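**Student:** Chains as they are written, first to last, in the UniProt record's numbering: chain A, 1 to 349; chain B, 1 to 349; chain C, 1 to 349; chain D, 1 to 349.
Hint data in this document are derived by calculation from the structure and do not stem from the laboratory. Heads up, some of the hints might be wrong.
[What the hints assert, rightly or not] In silico DMTMM-like links for lysine to aspartate or glutamate, alpha-carbon gap of 20 Å or less:
#1 Lys-72/C to Asp-217/B
#2 Lys-162/D to Asp-217/D
#3 Lys-72/A to Glu-87/C
#4 Lys-192/B to Glu-45/B
#5 Lys-72/B to Glu-87/D
#6 Lys-72/A to Glu-223/A
#7 Lys-72/A to Asp-217/A
#8 Lys-326/B to Glu-273/B
#9 Lys-37/D to Glu-127/A
#10 Lys-72/D to Asp-217/A
#11 Lys-72/B to Asp-32/B
#12 Lys-72/C to Glu-87/A
#13 Lys-72/D to Asp-88/B
#14 Lys-72/D to Glu-87/B
#15 Lys-72/A to Glu-223/D
#16 Lys-72/D to Glu-223/A
#17 Lys-72/C to Asp-88/C
#18 Lys-72/C to Asp-88/A
#19 Lys-192/A to Glu-50/A
#20 Lys-72/B to Asp-310/C
#21 Lys-72/D to Asp-122/D
#22 Lys-37/C to Glu-127/B
#23 Lys-300/A to Glu-339/A
#24 Lys-192/C to Glu-45/C
#25 Lys-72/C to Glu-223/B
#26 Lys-326/A to Asp-122/C
#27 Lys-300/A to Asp-342/A
#28 Lys-72/C to Glu-45/C
#29 Lys-326/B to Asp-295/B
#30 Lys-326/D to Asp-122/B
#31 Lys-326/C to Asp-122/A
Only a predicted model underlies this, so the values are computations on that prediction, with no experimental measurement involved.
Protein chains: 4
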Amino acid sequence: MFFASDNWAGAHPAIAARLSGAAGGFSAAYGDGDLDKAVCDRFGEIFEHEVAVFFVATGTAANALSLASYGKPGGISFCHTQAHVMEDECGAVEYLSGGGRLHGIGGALGRIDPGELERALDRFVPEFVHAGRPTAVSITQSTEIGTVYSLDEIAAISALAKRHSLPLHLDGARFANALVALETTPAEMTWKRGVDIVSFGGTKNGCWCAEAIVVFDPGRARELAFLRKRAGQLFSKSRFVAAQFDAYFRDDLWLENARHSNSMAASLAAAIEAAPGLRLGWQPQANEVFAVITDDRAEKLQAAGAAFYDWPLPAGSTETLGENEKLYRFVTSFATTAEDIDRFASLVG
Amino acid sequence: MFFASDNWAGAHPAIAARLSGAAGGFSAAYGDGDLDKAVCDRFGEIFEHEVAVFFVATGTAANALSLASYGKPGGISFCHTQAHVMEDECGAVEYLSGGGRLHGIGGALGRIDPGELERALDRFVPEFVHAGRPTAVSITQSTEIGTVYSLDEIAAISALAKRHSLPLHLDGARFANALVALETTPAEMTWKRGVDIVSFGGTKNGCWCAEAIVVFDPGRARELAFLRKRAGQLFSKSRFVAAQFDAYFRDDLWLENARHSNSMAASLAAAIEAAPGLRLGWQPQANEVFAVITDDRAEKLQAAGAAFYDWPLPAGSTETLGENEKLYRFVTSFATTAEDIDRFASLVG
Amino acid sequence: MFFASDNWAGAHPAIAARLSGAAGGFSAAYGDGDLDKAVCDRFGEIFEHEVAVFFVATGTAANALSLASYGKPGGISFCHTQAHVMEDECGAVEYLSGGGRLHGIGGALGRIDPGELERALDRFVPEFVHAGRPTAVSITQSTEIGTVYSLDEIAAISALAKRHSLPLHLDGARFANALVALETTPAEMTWKRGVDIVSFGGTKNGCWCAEAIVVFDPGRARELAFLRKRAGQLFSKSRFVAAQFDAYFRDDLWLENARHSNSMAASLAAAIEAAPGLRLGWQPQANEVFAVITDDRAEKLQAAGAAFYDWPLPAGSTETLGENEKLYRFVTSFATTAEDIDRFASLVG
Amino acid sequence: MFFASDNWAGAHPAIAARLSGAAGGFSAAYGDGDLDKAVCDRFGEIFEHEVAVFFVATGTAANALSLASYGKPGGISFCHTQAHVMEDECGAVEYLSGGGRLHGIGGALGRIDPGELERALDRFVPEFVHAGRPTAVSITQSTEIGTVYSLDEIAAISALAKRHSLPLHLDGARFANALVALETTPAEMTWKRGVDIVSFGGTKNGCWCAEAIVVFDPGRARELAFLRKRAGQLFSKSRFVAAQFDAYFRDDLWLENARHSNSMAASLAAAIEAAPGLRLGWQPQANEVFAVITDDRAEKLQAAGAAFYDWPLPAGSTETLGENEKLYRFVTSFATTAEDIDRFASLVG
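One chain only, chain A, in its complex shape (with noise of 0.2 Å):
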């Protein structure tokens, strides 16, 4: 019962095995061997574009480098309030950016309200240095707190920052569960909504360590190559990246991971709606669940082995807790089983 995060997984077998197939052997480094074309093409083919593509450490470099590509002096980048990038990233962002600003906008259920974008927007009048200036868009695809933007939700955003000559990134650590949950494709949650740059993680959903920066402009390849050389993350042997999104990406086990993960989620969802004294926070759409518990009750599941946090009540919600409950996170990955739900649901049942 490890619902703490998706994070706390290992790597799925098929990729565990992947990488140690890709043991032997000499290949050029850093990027350049056979492998890591491949995979790249790959992306290429998954995302129905030509794509540049940029293996990095962490998500949070992904996001940080994407906003700092397109940053500028006095540049701003607005994301939800409690868009990972603002909330667990320790200013990676501004840091790596050379000084940029992230401005939060509010937005029910961890998603960007895009009447509250456009005032932000527009209050910015070109040449006018003193405000700064908008320089992106980010939105988290699903958000922190396991909802998903429709296409549409997308789109809307994705049209504001356009007016405004901005560029929309996504944020997909998890962009998996956010794919199947609308059961979509690739190319229609990115760039046919207006999507210009993707974090696109692989390690919540199986892998070690597998993250990339999508840019679906090659024209910005230059500049990402010297910008993730210069913040140490251009791995040498990367081919221990390809290798896993290599198996990641075969047979569709990315799609199965993330269908797994979001399904054992409603399952944990309904064991808890059914369970007397417990109330989901709101309703899942991906991998997380949230949940309102009694101190507790919360303490002797925590006693009884089943490890999760509690989280912030999301500014804006409408839940209202009483003087001994909190609000808890409940995170499923591949590797999360009906047992561990089971017996999740007999504790609380």
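Here the structure of chain A is known, so what remains is to put chains B, C and D in place on it, guided by the hints.
**Tutor:** This is chains B, C and D only, laid out in the frame that chain A set:
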């Protein structure tokens, strides 16, 4: 005959196996797992000193964050003019230290000349803000050109640094190769000679991706923890690095790999010395061999399957290149075989 | 009727004359001249405390370098959501601190709400690197909207900051206006209430260009000296700033200017309150007056020669703007005359 | 006999008077006033080219923001090893460019050696991210050691820069001194020889504080405007700089000041050449004289009231210093008098 770089090799079988073995089960993320902690303890044993250990993605990151952690406004780090931080890291030190400067110091055979370093340091007057101020000295062991500082040479540079209240950083991308070349211990080669912080590399010596910052003053751990996270260098599934180091240290695999690699380099050097028309640039001490070869000979070797690059003649070298000659670098690794060397020897013999 | 900003005025005659008087002769550069030193001593007398004083070119530089001097990796400075550092400095804090973040705290009438600040600070857990960490609190006195923190209010925020081991910065671009509004002393308004570092502005109150960072802990002087030089903020002919401050402090000119300016604002506010169809946004306490005016009235005033700008309604304001109404800002200065106010009064009367 | 630096002088009477004259009345702030605009137009006339002009506080800021405006990830600016940006600006270029690097190029008498520059530039291979990449070349005119590039020498360096698609920056802290030394025009010394951006200094030649970035490509104005503001370098009462430049350019005061200053330097050099036991380091071309003097002679001169500093012997100098000799620098300015020189001459004669 892949002599292009030691990072063209993959992962040693024992390391690949250990990584596979760690793939199952759940573990706390971000370095808080049991294996992470055990491996950090192992570093303490190996160095015979209390240490704080920070896994990072690349040697570039290890170097830049090490020097950044000692950075100050107007700060200048001193390194050899041909150091990796200077020549091959795309300005990562300057970037990640928020604008620190590197100042190159000459010296024969890739080693900082202590006299030149002293003169450079002596030029700075405390409180004279215009010139900036020294904040660190960095040496590379083994050096970029396959030579090794003796323990006395390290102590001499360290004494100079201490006289100016400066920390001494050691770029140990090839730490093990130097260690076995000197037949000494990690403690003797570092803190017992005044080294304060080490970029400890495992990648070039048989790991996939295993680099660590090792610092002997645990009081610096707090700042480094924030620095690392902010640079996007904190792995979530940190045990994938821990597992590699676990195998790396087990049964002295790291020393065995380095001895093999150095020995292959010595054989290669012997073959070159014996070959008519080829000559060594200088005697190798670790796993890199530099040789002067005519262009047509080099082309023939490459056509026969030998991979190696040309290299700029070090400033201050007494070598004179003929019109159709170049200096070439050959790097050996754990994966180099005696057959490779024999085949090369027969080609040049 | 130039109410656009207090920086539309030129220099007070006594300050201009003092500057002319200092033009002849030779003096050590970079702040080492006799006049520089005398003026720094004068700051110590005025603040009744040992101080280190750093002249800089602009208020933006004073604020950014003040906060940068307390910066750390992952550092976050807390300020009011409408603070000048947040709204009008083009990201200078983020840039000059190498990627620090500003976190906006709400609060009525331009003053930080202590409860909201406390909740924001309490969310941070030491050593939890993901969230970054607080490094400073910054208040503006007088505020961006012409209000003033009482001494008790400063003390309350300072107490919160101290409880979290954070320094308190005071943006005193309009220091003198607040000081005379409170009828207090520089010591009472700063270090006696826990302020650690002050951006001390003279420009808006009658100087050409006289801004200083005043720090009460001389131990910080060394870092600030390097920070300032490195930011291109160390004037060579530093005495041109010293001469301005010399005249500024002589015979309490600075207090006289501020009293005049505040008094003009009060008269202007009275005229607005008395005018049919105009209303004050809130009661002014220093030298800025905010009024709600219909668009056509505003245009007529501007056509008649009154210079002033519209201003966004502060978040949290209880004011409701009619369809054809806007909030406007009027700023007075040492150069505003009673005739200006009378003429304005007759236009709106 | 204040020969310590040209920034030990104050302000020329005509400039002080013009500044006083501008103190009254109201004007738009931040460079939007009529005088600001008129002075910027005047720059265009003087340079015979469309220009964008940015006033900044110091020469260090002008240099750093000029080079930062051309910065890119991994960017390297090339300058003389003894350039002011390298030796006397506390790492401002690295800091304000977000981590750019300076690479020093040698050359006799303070001037970049074109051959060495070419070899340095030729080492970079496009797209090879490890080495970083050149982003600008910077020359100083007149140089740090009082010599002057001929127009042909500027053209030669510019041609090299253009061949590598690099902009050429000219640090003109002593622009006027070089201009009158060459008896040429601003246009001939800059854009007609391929200079793209100029740090135009007025401070050392009779102003209080008048430094400007002059850029010949107005398309760069937008970025520089944000860069300047973000660096805390946008003066609110900008007309106090404009007024200084207004007087500076009126009736060719700037050229007259520079001619006087250079002429005083020539007289001083003549006195030194004629003095038994003293010798010139090299022939001065602008307003700086370097002489080799024995320690006891130097002490006696200083005791007699002459202010001057010792200076490191330039690398590559053919001069040999005796055991009790040092190289000393003497700087003249608009405020140096013939009486000063005569008195000095009589002391050394």
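**Student:** Could you tell me which of the hints above the structure violates, numbers in ascending order?
**Tutor:** Hints 11, 17, 20 and 28 are the ones this structure does not satisfy, whereas the remaining hints hold.
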